[in-house]
Amino acid sequence: MANGKYMKRNKLIIFIFLLIFLASALPSFALTPTTKAIQKIQERETVKASRAAVQEDAQLTKIKERAGKMIENRLTSLNNILTRIQSDRKLTSEDKTSLTQQVNDMITKLNALKTKISADTDVETAKTDTKSIVNDYRVFAMFEPKIRLLIVISDLQNLSLKMSAVMTRLQAFVSEQKSKGQDVTTLQTSLDDITARLKTIDTKLADDKTKISNVTATDYKTVFVTVRQDLASVRAEFAKIRNDIAQIRNSLKKLFKSSLTPTVTTTP
Amino acid sequence: MNFSNYKLPLIILAIILLGGGGFLFFMGSKYQKPKPVPVVTVPTSIPATPTPLPMNSESAEPELQNADLQLETTLQDAENDLNAINKIDTSDENTIGL
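For the record, the sequence lines run as chains Z and D. Residues 5 to 272 (my numbering) make up the first sequence, in order. Residues 1200 to 1297 (my numbering) make up the second sequence, in order.
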């Protein structure tokens, strides 16, 4: 009986020891898979992060390439305008200087932006800078039409000046003929018409030049439409001046013929 | 030889020599003076504004013909420029994809 009691006690002691042993061993068994899982998660995260970095790098390169191309297109166009300005023989040197200055300023700004974008290190900044090529400069939508319209306006203003000078001298000649007793009625009518048309042209062109020079990103579309309508009417005015000049040339031919014809005087 | 007999002529000679030397020195220094360079005023040629001759019966016709030609050319150029504005490719002026 006593033997059985001892046996039971021994079993209990062994059980307790086993229990203690297992209890101490358990955490190590339990912790091992958790650490591995964390490591795996960390590895996955690292891979993910490196993949994202590679992707961002690729995206950044792509944006920079796009920006570079966009700026190059604009620079090519601006250089073409510079050639156009320099080859224009109707523009005054002041016009050329002013227009060239504006184009060169734009070229400088775009080159500075190009340098900035190529030095950008994150996608968001590169995106913002690339957007600014369009939003801040509007080379194709606003700047190029503006400069080309200014060239047209300046050319037409200079043409008007030349015509005014010719008409002033023609007026002196017509007045001289009138003082000699010639009939200059038709000549004078055409001349007056030209003078009036030139005045209208000058006013319109000066007004348009101001409008174009002060054009902004918010109003450029409407301003361009208005100016182009004005230019159409200015060209129509010049076309009428050409008709007047043709009439004057005809009248002058008749005038010279009549002045050459000897007057027959009959003596009684 | 009595020195007193020659005293007066010697003094006169000395005065003449000193006076002559002084005169020569004065003249020499006068000639050595750099002559002032005469300021030559070159008449500046002001480009005269070409004043056109008054129109007369001979010049009127060619002048008007020339004016008409200028009108024709400039109006044609203006038309070409306006057409060039129409042809500006604005398709690149967008931020799609950014």
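Errors might be hidden in some of the hints.
Some chain Z residues flagged as far from chain D (calculated, every beta-carbon gap over 10 Å) [to be verified]:
(1) Glu-60
(2) Asn-77
(3) Asp-196
Using C-beta positions, here's what the derived DEER-type ranges look like [stated by the list, open to error]:
(4) Thr-119(Z) x Pro-1261(D): 48 to 58 Å
(5) Asn-115(Z) x Pro-1253(D): 25 to 35 Å
(6) Lys-1286(D) x Gln-105(Z): 19 to 29 Å
(7) Asn-1285(D) x Ala-221(Z): 16 to 26 Å
(8) Ser-1256(D) x Ala-250(Z): 14 to 24 Å
(9) Asp-61(Z) x Lys-1286(D): 49 to 59 Å
(10) Asp-109(Z) x Ser-1256(D): 23 to 33 Å
(11) Pro-1261(D) x Arg-93(Z): 12 to 22 Å
In case anyone wonders, no lab produced these hints; they're calculated from the structure. Cβ coordinates follow ideal geometry from the N, Cα and C atoms, glycine included.
Hints, one by one, checked against the model:
1. Glu-60: 15 Å, holds
2. Asn-77: 6 Å, violated
3. Asp-196: Non-interface label on Asp-196(Z) holds, nearest chain D Cβ at 16 Å vs cutoff 10 Å.
4. Thr-119(Z) x Pro-1261(D): 48 to 58 Å: Roughly 56 Å apart at Cβ, these two residues keep to the hinted range, so it holds.
5. Asn-115(Z) x Pro-1253(D): 25 to 35 Å: 53 Å, violated
6. Lys-1286(D) x Gln-105(Z): 19 to 29 Å: Holds - the Cβ-Cβ distance for Lys-1286(D) and Gln-105(Z), about 25 Å, lies within 19 to 29 Å.
7. Asn-1285(D) x Ala-221(Z): 16 to 26 Å: Taking Cβ atoms as reference, Asn-1285(D) and Ala-221(Z) lie about 21 Å apart, which means the hint holds.
8. Ser-1256(D) x Ala-250(Z): 14 to 24 Å: 18 Å, holds
9. Asp-61(Z) x Lys-1286(D): 49 to 59 Å: 39 Å, violated
10. Asp-109(Z) x Ser-1256(D): 23 to 33 Å: Taking Cβ atoms as reference, Asp-109(Z) and Ser-1256(D) lie about 52 Å apart, which means the hint is violated.
11. Pro-1261(D) x Arg-93(Z): 12 to 22 Å: 20 Å, holds
Going through the hint list in order, the structure does not satisfy hints 2, 5, 9, 10.
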